[in-house]
Each structure stands twice: as C-alpha cells, then as structure tokens.
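S.K.: Now for the letters of each chain:
2 protein chains.
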Amino acid sequence: MSVQDEFSFINSITPKKYKQPHLVAGIGDDAALYSGNHNVEEIVCIDTMIEEVHFNRQTMRPFHIGYKALASNISDIAAMGGVPNFYLVSIAIPKHWSDSELLEIYNGMEALADRYQMDLIGGDTVSSKHSLVITVTVIGRVHKGKHLLRKNAKADDIVFVTGSLGDSAAGLELLLKNGVDFNFSKDEQALITRHQLPEPKVEIGEILAKYPRVALNDVSDGIASELNEVASASDVTIVIEAEKLPKSDPITSFSEDKQLHWMLNGGEDYELVGTVSKENWLKIKKECEQKNYSITKIGYVIEGPAQVLIKQGDHMKLLQKQGFNHFK
Amino acid sequence: MSVQDEFSFINSITPKKYKQPHLVAGIGDDAALYSGNHNVEEIVCIDTMIEEVHFNRQTMRPFHIGYKALASNISDIAAMGGVPNFYLVSIAIPKHWSDSELLEIYNGMEALADRYQMDLIGGDTVSSKHSLVITVTVIGRVHKGKHLLRKNAKADDIVFVTGSLGDSAAGLELLLKNGVDFNFSKDEQALITRHQLPEPKVEIGEILAKYPRVALNDVSDGIASELNEVASASDVTIVIEAEKLPKSDPITSFSEDKQLHWMLNGGEDYELVGTVSKENWLKIKKECEQKNYSITKIGYVIEGPAQVLIKQGDHMKLLQKQGFNHFK
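Residue numbers (the numbering used here), protein chains in the order written: chain A, 9 to 336; chain B, 9 to 336.
Looking at chain A on its own, in the form it has when it is part of the complex (with noise of 0.2 Å):
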C-alpha cells in the first residue's frame, strides 16, 4: 500500500468547502449532519463495486471507478424522482493501487458530483488484502409525496424509456477486446463513453416527478429486469415492441441479434424506464423534447398477470428477468 498516512490521504480528499445550504456539519466529526425540512422525504441508498467483479484496469481507468460508482447510485435517486445532496464513500484499498490512482478515483467522483453541487460528507479508508472495493451512500431529497414508485402501473398506460438501450453493454465488448488502450474510432469511443461515464438522468426524473403516479426504474440490469420488477410490483402485465426500442447510431454496426439482447439485457445504460397515464405521456413527451431530453415511447400495460411480453413482428413472447445474477 503506497498510502503512507490514513490521515493525510483522508485530509487530501477533504472538500475545502460544501454546497449544500442544508449542510450542518460534513466530514471531521463522528458523522455529518444536515437540517430536516418537513417539505421532503430524504431519500437514501447504498451501492458496492469491487474490482475483478464490477471493473477492472483493462476495460476503466480509476477515474472511471469513481465516476461511475457515485453515477450508479444518483440514477438510483433519480429513479425516485429525487436530486441527489450527499454522498459518503467507504473504500478498502489494497497494496497495489497507488496514492495518484486513488485520487483519479475521487476526482472522477468529484466531477460528477459537482454538477448537482453534491457534497462529499463521509467515509471510511480502510486497508484490504486483495480487491479494491468501493460503497458510496448517497442522500437525496424529492418534494413531499412525489417520489416514484415501481408499483404506480395501471392498465393501460403507456412504457416508456429514456436514451438510447444497448450501448454500455456494446462498449463493453468493445474494450473487453481490445483494452482501454486502444485507438477506439469516434462511434466506438462513444459507446466506450457511455460504458465509463453514464449519465444519470436526474433532469428528466424531476420533470417526471411533477406527474401523478409515474412508475419508475432506472435501467441498472436492463429493461428486462428493470420493467420485470415494475409489472411485479404493479401487478399488470407490460407489453414491449422491439422494433421501438431506442437505439444509437453506432450501436448499429452491431449484429440485430448483439444489438438486441443488449438493449433487453445489456444494463449499466442508466436510463429511466417506466410508465405513465396516456394523457400525462402527451405532457411529458412534450416537456421532454422542449428540453431536448431524449424519451420514447416502447410499449402499453395491460391487465393481467405479472410480466413482460415482448412483441417482435408478428411474434409475442414472454421477456423474463435476465439482469446480472450474483450467484448464479
């Protein structure tokens, strides 16, 4: 481990000042403190990367390893309909990362976290044997009563997705052959970019929590998984049509097959997927392209049991939960 001081590598990542108004007191005490509001709900969650499992040096660069660990758990916030405030880091660091590397980590979060003015709050260093492992906790807020949840679908509502599907998973391969070293041509670099720096969609979230009863998920695991678990915990059935699903230019010069089973079960494309009422879809579609934020339409809900079909042609067939299994 070339980190020669605890203290002075933890003073090294120590904001010099905050920008949350809210904050009371952020790192140096015991825990960090902010100020209640009866207007909201605090939102809060927790997400781990570990090296060899979640990335390794081949496919990211440690400013990637940060940047998309806070990102991972923002478009959780953003799923809520939230804005993200806080974010606390515990990391366990073995031998082999250097004091520059592990600053490139922080700095990659600190570049995502500034655009929301997010305050660093918290965290733990702490030393490990093998793989270096990384939990961020972050703590957002959404007006009283306006958060999202997966269980808002009814019959009859229209599926929706932001961006485009596929293209982390694309990017993936693409340096999973060739290395993060690679002379990568611009579409390849832009499907690379969308694999090592994800864009939580909190603009589009917020827009989204303005509307009643908005069912929503963040495309983590992939639209299979992701609307899987909105048809679940609503309690309908969800019909997809795969000629609609968004895709990018460059996702294109993939395989339809490739491009396919990425859009449906590629994830890490952190976009938002979800339903809404046909008269409220209008609004937002409208909203959304005043902004130039990019939303589509992809399929309807109806009464039934709890699942997803997907409609390909003339074809209808049932779309099971593929995302990323741990243990399996």
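Bear in mind the hints are in silico, worked out from the structure with no lab data behind them. All clues given are correct.
Since the list can't tell identical chains apart, any single copy or any two copies may satisfy a pair.
As a list, the in silico BS3-like pairs of lysine-lysine whose alpha-carbon atoms are at most 27 Å apart: (1) K252 / K266; (2) K291 / K152; (3) K137 / K103; (4) K27 / K154; (5) K305 / K218; (6) K266 / K255; (7) K24 / K154; (8) K319 / K255; (9) K162 / K25; (10) K27 / K152; (11) K325 / K266; (12) K329 / K159.
Quantities reported herein were computed from a predicted structural model and do not represent experimental measurements.
Knowing the structure of chain A, use the given hints to seat chain B on it.
M.R.: Using the frame of chain A, we list chain B on its own:
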C-alpha cells in the same frame, strides 16, 4: 458461493414490517424514503469491516460480526448526541461463507437494531473473490441544534469517560490466544463479550445532548486518539490522570503495563469520552447515577497548544495519538 440466488437471499433478509413512523418506503424500490422534519438534524455515518483486517473466524462468530459492524456506526451516532433510526448494509460475499453464516450476520445486526427500533431500509449484495466485506450506513437524528461536536471543549472544562476502558482489547488478546471455542472463565468471558458485543452508549449520548457545549467522541481507536481529536478540534490542552481511568474488575488480572496500554490505546470499547463545563458536570453525573449509567471524571482542560497530557504519579507526559492506522 452457496447463496443459490441473490434475490431469494435479499428476500430472506428483508424486514416483514418496519418500526420507524417516519419511514415512507423501505427495501424494494431503487432507494429508501423517509419524511423530513424541521425540528431535527439528520445524522449519517458509514463504516466498513473486512475479513482478515477487522475480524476473523478465530475471534468472532458471524453473529458478532454483524452486531459489531452495526454497533460501531450506532456509536458514531451516539457521539453526536443522536439516536439511530435506519441502517443500510452492503455486503460482498466470497464463496467460503455459507447461507446460514450470512443469515447469522444479519441476525447479529437485527438483535442490536431491535433495541433502538431501527429499520433495515436498503443495501447491496454482491459477490467477492476473496474476503467478506461489510459496509454499514446508519442514519439517525438529533434535536435541531443539539448535536455534540469535538470542537466544543474550553479551558476549565471537566474531561469524562463512560463505562470502563481497555476491556475490548483484553478480550481480543484472550481470543487471539485461545480461539473463540475455548472454555473461558466468567471474568474472561466478560472481557470477550465487550470485544464481540460492544454496547454503544446511545442513552448517555441523549443525556449529554441536553446540556450545552459538551464536546464528545466515541472510543473506537482508544482515548489517546479520541482526546487528541478533541484537543485538536477545540485548540486546547487536555490533561488526564492515569489513576482516574475507569477499569473493570476482570482487566486487573493483567499486568499494570498492559492495563494502561489498553485503556489508552486499545480502542473498540465504544464508550463516550468528552468534556463539559464544571457546573454541568455535576448535573450530568447526578443524572447518570440516577439511571445507573457509569461516568467518570478523568481530567480537565487548560489553555495551551492542541495536545493531550497524561499525569502518572508526579510525572506529566505527552500522550500521542496511537490509534490504529490502516496504512502504517
């Protein structure tokens, strides 16, 4: 890895009902939600424990590991004068841990959580190649403006500590020597219990939070380290007297040298140590005595550079920070 299915494992640890009235949504969506409140400050902290670094199977059973991971975080909330409400658990699981051992880890947390009506409201469950890693985030509350910071100490204050010091380190020595299955004497078992099942001092923290200008820290790294943090944050000199340090009966079977070393630097006792004005000291002492909570005056604060001095007989010497540094 014997956990057959990540989802069924998560299901088995998801609470059947929640206790905190301000919880809006627990486990089962992208993030947890709880109502804000103008009259409080929210408190948050995070701690990681790693197999082979913070614990091993020779000294801790799975139940103890879970219990202690939560206890160390609750102790941080207590050191702010707050009460704990919620916890989130991120766990990275290698193949050599069985389902029943993992459930025992969660049972250990639940046993302690129940005492404070705390709810498990989120987490992450991932696979690990080598060591078990458990990261716990705890969220608590303190009445608005009543939090206790390390920077509150002033000249003429009394220095106090709760309970007795060094027992956890003594218990660890017994465990390292004999292993967790040894047939310990009653006195030895008392020390071991303090290492395996430490009791955070939430109730005493609540009493202290009623008084103005208490400086407080919890004893995770040993009072040498904790009091240096108070001295440094408050820019005062703290003087403690070796003869006044509270010790348990069982620890007196060890040499005087070991006793003093453990009382100053052992750590993991999870007592509270701090300073308070002379007039409030008498009130606090009385209130603690009435409730049978042990609290002892161990020194005083004087003007001077940020340092801790220890008086032993007629000698006075500098007491340096000697807490566990992960990277030295």
